[in-house]
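*Asks:* Dock chain one against chain two, each of which comes alone in its own frame, and use the hints as you go.
Spelled out, the chains give:
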Amino acid sequence: QQQVKQSPQSLIVQKGGISIINCAYENTAFDYFPWYQQFPGKGPALLIAIRPDVSEKKEGRFTISFNKSAKQFSLHIMDSQPGDSATYFCAAKNYGGSQGNLIFGKGTKLSVKP
Amino acid sequence: DTGVSQDPRHKITKRGQNVTFRCDPISEHNRLYWYRQTLGQGPEFLTYFQNEAQLEKSRLLSDRFSAERPKGSFSTLEIQRTEQGDSAMYLCASSGKRDTQYFGPGTRLTVL
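Read top to bottom, the protein sequences are chains A and B. Quick note: the first sequence uses this note's numbering, first residue 57, plus one each step. Quick note: the second sequence uses this note's numbering, first residue -13, plus one each step.
Same shape as in the complex, but just chain B (with noise of 0.2 Å):
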């Protein structure tokens, strides 16, 4: 399968636990994006890297959220401190030359 992945696809943790998840991105595509979606909406843009530079972040991601691409391959968003408002499906895309986003399964984050 040649498409985004992500891990874990499901991840439930108790209040004020940290939690991590990651996004390969299709081999040769230079852009990722993180965004989330709550239930009944559309997703919401939180970063963007191109390579292993973050060139945007959202209000929305909070001091409490970090992002990295280390090495322009895959990224991983780290939630520190989880509140139960963070509950949600944390999507990754990434896009190439043609700009086209193309999106993973996500991840399912349920917050005790």
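Chain A on its own, in the form it takes in the complex (with noise of 0.2 Å):
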């Protein structure tokens, strides 16, 4: 059972657009969801991350909005650029909990083009 859900699995945006990425989760008691960006051939690099106190949270040019309620988050990137291109994952975990393992997104492939 995928307890995160994510998509679209793939995303082509032109340079300057906003690329938007939508996850949702099951388990209530998650509260703490990060974004990472993947090159291939890389580990995944730490974003942004978020917890439920707040609905959004800005860093840059990357900005995640959080609805409780619907269980579900988003990473918007503004003014999208080539660099940007990557596979992006979000994930969700019990912050501090006995439970220590992050659970991720399948991922979404963006494409930037130039």
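Among the hints, a few may not be true.
Some but not every residue of chain A turned toward chain B, in silico, with C-beta under 7 Å [said to hold, decoys possible]:
no., residue
1, Gly156
2, Lys162
3, Gly163
FYI, nobody ran anything at the bench for these hints, they're computed from the structure. Every residue gets a Cβ at the ideal spot worked out from N, C-alpha and C, and that includes glycine.
*Replies:* As structure tokens, then:
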């Protein structure tokens, strides 16, 4: 049973456009939601993370929007650049809980066209 | 470089052989995680250490897999009698007090 569902599987955006990736979770015990960026042959790198006490968090061109009642969260990349072309993973966990692992979505491959 | 390091970066082995991977976490981090990632999928949790204690193991971690973190610093992941289905990227991550997990570059295993 997949606990974090991510969409779309792939996304093509023009340079300067907005990239939007969505995730939905099932476990109401989750209270920590990071996004990771992964380039081919590399490990995932933390991009931005949110906890459910806020509905939005912004860092530079990256914004997480969080809807606790809908159990959904999304990543917005403003002014998308070719260098943003990578695979993006959402994840979730029970922050500070005894269960240490992150549950990942299946990923979204983003291509930003020049 | 003070990030998570993994060795080797690539490993090619024949089916039935044993392999061992090493992970060196960020020095002040007491938690260490192993994940497996196959092509087109997100990382899947294998096991988790807090200091030297192995606190969780996924059901993905069959009897052929064993992990250790003997002194609460580096960790090793051993796969015995490798199978072609073990071919994947093996990722290590570490976290400290803030619980944010930082990943290493991974070890790409190919079983022929």
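*Asks:* Against this structure, judge whether each hint is valid.
*Replies:* Cross-check of the supplied hints:
1. With a cut of 7 Å, the hint placing A:Gly156 at the interface with chain B holds, because the nearest CB-to-CB distance is about 4 Å.
2. Nearest Cβ of chain B to the Cβ of A:Lys162: about 5 Å, under the 7 Å cut. The hint holds.
3. For A:Gly163, the suggested interface contact is upheld, since its CB lies about 5 Å from the closest CB of chain B, less than 7 Å.
Hint check: no violations occur; every hint is consistent with the structure.
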